[in-house]
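Protein sequences, first through last, are from chains P and R. Each residue of the first sequence is one higher than the one before, counting from 1 in the working numbering. Each residue of the second sequence is one higher than the one before, counting from 1 in the working numbering.
Hints are computed from structural coordinates only; laboratory data are not their basis. Don't take each hint at face value.
[Said to hold, decoys possible] Here are the simulated DSBU-like pairs of lysine-lysine, each with C-alpha atoms no more than 35 Å apart in a straight line: (1) P:LYS261 <-> R:LYS218; (2) P:LYS150 <-> R:LYS165; (3) P:LYS157 <-> R:LYS165; (4) P:LYS157 <-> P:LYS123; (5) P:LYS261 <-> R:LYS162; (6) P:LYS196 <-> R:LYS206.
[Stated by the list, open to error] Output of the computed footprint for chain R on chain P, the stretches with three or more beta carbons under 8 Å from beta carbons of chain R: (7) 3–17; (8) 213–220; (9) 305–312.
Glycine included, every Cβ here is placed at the ideal spot set by N, Cα and C.
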Amino acid sequence: MPILVLGLSHHTAPVALRERFAFADARVPATLQALRQQGLAEEAVLLSTCNRVELYVVTNQEPPRAFAELQGFLQQCHDYHEPLREQLYGLSEPQSVEHLFKVACGLDSMVLGETEILGQLKKAYDLALQHRHTGGRLNRAFQRAFSVAKHVRTETKIQRGATSVAAVAVELAEKIFNSLSDRQVMVIGAGDTSEKAARALLSRGARSILVSNRSAARAEALAEELGGRAVRFEDWATEFRQTDIVISSTSAPHYILDRPKLTPLMEQRGNAPLLLIDIAVPRDIDPEVNYLANVFLYNVDDLQAIADNYLHQRREELARCEAIIRERARALLASRPPPTFGADSQPAFGHE
Amino acid sequence: MLLSDRQAFGIAVVLYALSAVYAILLLRRGFREDNWINYLLLLGASVFHTGAMLQRSLPLQRCPINNLYEAMLFIGWTIVTSYVLVGFWSKLRFLGAFASPLLLAIGVFALMPGLDQPYDKEPNFSGDWLSLHAALILLSYGAFGLSCVAAAMYLTQEHDLKFNKMRAVISLMPPIQRLELATGRLLLTGFLLLTAGLAIGVFTLKETHGVYLMRDLKIFWSGLVWVGCLGLLVSRWWFAQRGRRLAWGVVGMFGFVLLTFWGSNLLSGIHNPDLHPVPVAGRP
Numbered sequence: 001m002p003i004l005v006l007g008l009s010h011h012t013a014p015v016a017l018r019e020r021f022a023f024a025d026a027r028v029p030a031t032l033q034a035l036r037q038q039g040l041a042e043e044a045v046l047l048s049t050c051n052r053v054e055l056y057v058v059t060n061q062e063p064p065r066a067f068a069e070l071q072g073f074l075q076q077c078h079d080y081h082e083p084l085r086e087q088l089y090g091l092s093e094p095q096s097v098e099h100l101f102k103v104a105c106g107l108d109s110m111v112l113g114e115t116e117i118l119g120q121l122k123k124a125y126d127l128a129l130q131h132r133h134t135g136g137r138l139n140r141a142f143q144r145a146f147s148v149a150k151h152v153r154t155e156t157k158i159q160r161g162a163t164s165v166a167a168v169a170v171e172l173a174e175k176i177f178n179s180l181s182d183r184q185v186m187v188i189g190a191g192d193t194s195e196k197a198a199r200a201l202l203s204r205g206a207r208s209i210l211v212s213n214r215s216a217a218r219a220e221a222l223a224e225e226l227g228g229r230a231v232r233f234e235d236w237a238t239e240f241r242q243t244d245i246v247i248s249s250t251s252a253p254h255y256i257l258d259r260p261k262l263t264p265l266m267e268q269r270g271n272a273p274l275l276l277i278d279i280a281v282p283r284d285i286d287p288e289v290n291y292l293a294n295v296f297l298y299n300v301d302d303l304q305a306i307a308d309n310y311l312h313q314r315r316e317e318l319a320r321c322e323a324i325i326r327e328r329a330r331a332l333l334a335s336r337p338p339p340t341f342g343a344d345s346q347p348a349f350g351h352e
Numbered sequence: 001m002l003l004s005d006r007q008a009f010g011i012a013v014v015l016y017a018l019s020a021v022y023a024i025l026l027l028r029r030g031f032r033e034d035n036w037i038n039y040l041l042l043l044g045a046s047v048f049h050t051g052a053m054l055q056r057s058l059p060l061q062r063c064p065i066n067n068l069y070e071a072m073l074f075i076g077w078t079i080v081t082s083y084v085l086v087g088f089w090s091k092l093r094f095l096g097a098f099a100s101p102l103l104l105a106i107g108v109f110a111l112m113p114g115l116d117q118p119y120d121k122e123p124n125f126s127g128d129w130l131s132l133h134a135a136l137i138l139l140s141y142g143a144f145g146l147s148c149v150a151a152a153m154y155l156t157q158e159h160d161l162k163f164n165k166m167r168a169v170i171s172l173m174p175p176i177q178r179l180e181l182a183t184g185r186l187l188l189t190g191f192l193l194l195t196a197g198l199a200i201g202v203f204t205l206k207e208t209h210g211v212y213l214m215r216d217l218k219i220f221w222s223g224l225v226w227v228g229c230l231g232l233l234v235s236r237w238w239f240a241q242r243g244r245r246l247a248w249g250v251v252g253m254f255g256f257v258l259l260t261f262w263g264s265n266l267l268s269g270i271h272n273p274d275l276h277p278v279p280v281a282g283r284p
């Protein structure tokens, strides 16, 4: 009996369709139970995240028939009657096992090499295991997938570096400051990216957050959310003395911080290092300030270029990771007898 | 002995040169890798360097610092030994990429002809206090050398953080604030050692020549280095002259020490009594 995969992901389906097919955690055990009771699978795991919904099954049916029945089951579960063609994919061995390994390693994720999916996959497997919907085949395949993910993480650079603007900001801060634990962060203009960057800095131990925004209500709301303090927009410069990291994202049409304004502020700060992250467009901070001693200025393009560079490095590692995955999948499949029926080794339909 | 001390030191200098060439490769790659090859090169060099030191010191039964060659040998040894110890920690192993060019410069300078003057009859620095004076001062130059290495790293990383942002992020260098801290602390260590060494020198001068101070180029030069070092420390703590300015100051000061140490020593009467006789207290 082969391992088959049927599902849809961010590669094939828009978010509207993905959210339509998503399963809440509470619903998963009953769904797996129904799947097995209807004789569609001997073993089953259901993975449902914001980027994918996938059924991993072991069945004694031939793949083309199994895929058709599993598709009908999924559509029935969500009361969806529109035709699905390119949006859904079905894979049989060995591609199904290779796909499972790729998902575990984050190679199939939206952000290449991300690690969150591994936790989600473990959770989906544990849920199925707890409710006794897995058996020898899926247990071995999933355990091997987790071990391959660990191997790929330690032996390749697929997970190296930050790939979001917020994470790059944290990396830069760690290259400047001895420790983030006693740093004060000031957010000027409460935008979404600046909030994410502030949260990322807080999660790495930043001491406190000040929020300054033209709308005092928005500043207070964000400050409360981040456990910080709101500062009147007119007064942000007075708080500069104690600030180490500034994240600016106002909608001001001109520079709110330039060299003549910053020079005396740096003297007040005893010329301690200052990290300025300008994610506003048009920019909030005059690029000239980067020429001041101990001032380090990064705009959104600088941060994005670093994130893109890391992604490029990850893509360069892709071939190595895929070679490891192919080898491990082959080893797993070679260690057990072939399927009892004439197994089709090609994908039954869909992409991949 | 298979090798003389100069041969052993020569091999160490060749290894420093290989390490310096490898350091250029590491710099181009942005210090992305754990450079254990460089560490092994410097570890091998330190073995030969220590062998050379031992061959000099065992017959004397004390630290060999009797002429300029030995002084350079000792300064280099303090730097490479510190690096070998610090390099046990893989995150700081890249320090070698900055230490090796400095060690190469010191080694080539030490091997220049004329520095290893014989001192069979009367060593340049004889007596316990004079040995301590010389040892403390040379240790202070070792600390200045390491401070200079940290400052060079600071300048490289600070430049990358401002203008070559990707290389700054992917490099394995520590944060610049920690590098600045290391530069300052090593500078302070060097200053304290230099102060202690000079103080012992002043009292020894009183014993041997009957005066605390005398008109001598080396004394003037040492005072200049001391004042320069104090100036850097004061400007850092009282006038907030930190970061790039401090780093350039340290590099400049150590460069001055390296370039003028030999000349000031050669022209000094009290450090070269054979060349420039100086009246000794109680003697005609």
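Quiz item: Looking back at the hints listed earlier, which ones does the structure fail to meet?
Solution: 1, 6, 7, 8
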